[in-house]
Amino acid sequence: MSSTFSGDETAPFFGFLGAAAALVFSCMGAAYGTAKSGVGVASMGVMRPELVMKSIVPVVMAGVLGIYGLIIAVIISTGINPKAKSYYLFDGYAHLSSGLACGLAGLSAGMAIGIVGDAGVRYFSCLIVRLYHCLIY
Amino acid sequence: MSASAIVVGASSSWSRAMLQISPYTFAAIGIAIAIGVSVLGAAWGIFITGSSLIGAAVKAPRITSKNLIRSETKDDHFVHFMPKISVIFCEAVAIYGVIVAIILQTKLENVPSSQIYAPESLRAGYAIFASGIIVGFANLVCGLCVGIIGSSCALSDAQNSSLFVKILVIENLVVHLGCLE
Numbered sequence: 001m002s003s004t005f006s007g008d009e010t011a012p013f014f015g016f017l018g019a020a021a022a023l024v025f026s027c028m029g030a031a032y033g034t035a036k037s038g039v040g041v042a043s044m045g046v047m048r049p050e051l052v053m054k055s056i057v058p059v060v061m062a063g064v065l066g067i068y069g070l071i072i073a074v075i076i077s078t079g080i081n082p083k084a085k086s087y088y089l090f091d092g093y094a095h096l097s098s099g100l101a102c103g104l105a106g107l108s109a110g111m112a113i114g115i116v117g118d119a120g121v122r123y124f125s126c127l128i129v130r131l132y133h134c135l136i137y
Numbered sequence: 001m002s003a004s005a006i007v008v009g010a011s012s013s014w015s016r017a018m019l020q021i022s023p024y025t026f027a028a029i030g031i032a033i034a035i036g037v038s039v040l041g042a043a044w045g046i047f048i049t050g051s052s053l054i055g056a057a058v059k060a061p062r063i064t065s066k067n068l069i070r071s072e073t074k075d076d077h078f079v080h081f082m083p084k085i086s087v088i089f090c091e092a093v094a095i096y097g098v099i100v101a102i103i104l105q106t107k108l109e110n111v112p113s114s115q116i117y118a119p120e121s122l123r124a125g126y127a128i129f130a131s132g133i134i135v136g137f138a139n140l141v142c143g144l145c146v147g148i149i150g151s152s153c154a155l156s157d158a159q160n161s162s163l164f165v166k167i168l169v170i171e172n173l174v175v176h177l178g179c180l181e
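Chains as they are written, first to last, in UniProt numbering: chain A, 1 to 137; chain B, 1 to 181.
In short, the hints are calculated from the structure, not lab data.
Hints may contain errors.
Stated by the list, open to error - Some chain A residues flagged as far from chain B (calculated, every beta-carbon gap over 10 Å):
#1 T10
#2 A62
#3 A73
#4 L104
#5 V116
Claimed, not checked - Straight-line Cα separation of at most 20 Å, EDC-like style, residue types lysine to aspartate or glutamate; simulated pairs:
#6 B:K107 to B:E120
#7 A:K85 to B:E120
#8 B:K166 to A:E50
#9 A:K83 to B:E120
#10 B:K166 to B:E109
In this text, a Cβ means the ideal position worked out from N, Cα and C, and glycines have one as well.
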């Protein structure tokens with residue numbers, strides 16, 4: 001039964017968990033960034049409704065983080081194919097750590113976008129040009 | 001059962017222990033998390049939006065509006081409609097969790113008991129577990145995010161019912177799709 005199978009049997013657990021970590025944590029970052037920036041946009045829009053369209057930028061940037069996590073998760077899960085290539089514990093651990101790296105980086109980036117975006121769009125109503133460039137970068 | 005004691009690659013005790021856990025366990029827990037945590041996120045979002053919506057509805061009479069008398073009833077309908085879309089988005093998050101749980105449950109097949117601990121079955125169990133975790137927790141944060149944005153949308157709509165509330169709702173839709181994909 002196991003004669004044609006090589007590779008470790010528990011390894012896909014870590015591989016799939018890596019894909020899950022990539023998606024879930026970057027989704028958390030995207031959600032945090034969108035929510036915090038959106039609250040700032042709503043507060044600012046009460047005073048200056050005409051600036052709302054320009055202030056959507058941090059929301060869009062936060063949404064892109066979810067896409068990054070999705071790409072990594074798809075790459076990882078298509079790489080787990082024990083029929084094509086033996087999947088050892090090494091591969092499983094590598095996929096887990098790459099998923100965690102991408103996901104936690106996305107989480108922290110999303111939190112940063114949220115905090116900066118919230119402060120930026122609130123002060124955007126005061127200073128028009130300079131802070132707008134800071135907001136994008 | 002004794003066949004799994006001589007498995008390939010079981011080098012340490014924890015891996016031998018984990019190989020004894022049936023893949024049905026992992027799959028069932030994954031499906032439960034997919035539906036349970038999604039509905040938790042949707043409920044949390046609806047709670048956040050709904051409480052702000054009802055509080056803003058107290059302030060519904062358009063004090064700063066120009067057409068104070070004539071269009072007051074029209075504006076009441078308007079002020080309640082737009083943030084309600086956030087509640088509908090949260091509901092869709094819960095529906096999505098239910099759909100994925102049903103799809104994952106159809107993947108559970110009846111495997112002959114000699115094959116339960118085969119590598120392919122184990123891999124399938126781990127895959128369903130990971131899918132369930134992904135869907136559950138992504139929907140949890142999506143519901144929270146939509147709820148927070150809907151709440152601020154309701155509050156700012158009560159103050160200034162301009163066009164920008166529609167933009168916030170569109171932004172809600174964008175984060176909704178982003179989190180669900």
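Looking back at the numbered hints, which does the structure fail to meet, lowest number first? Failing hints, ascending: 1, 2, 3 and 10.
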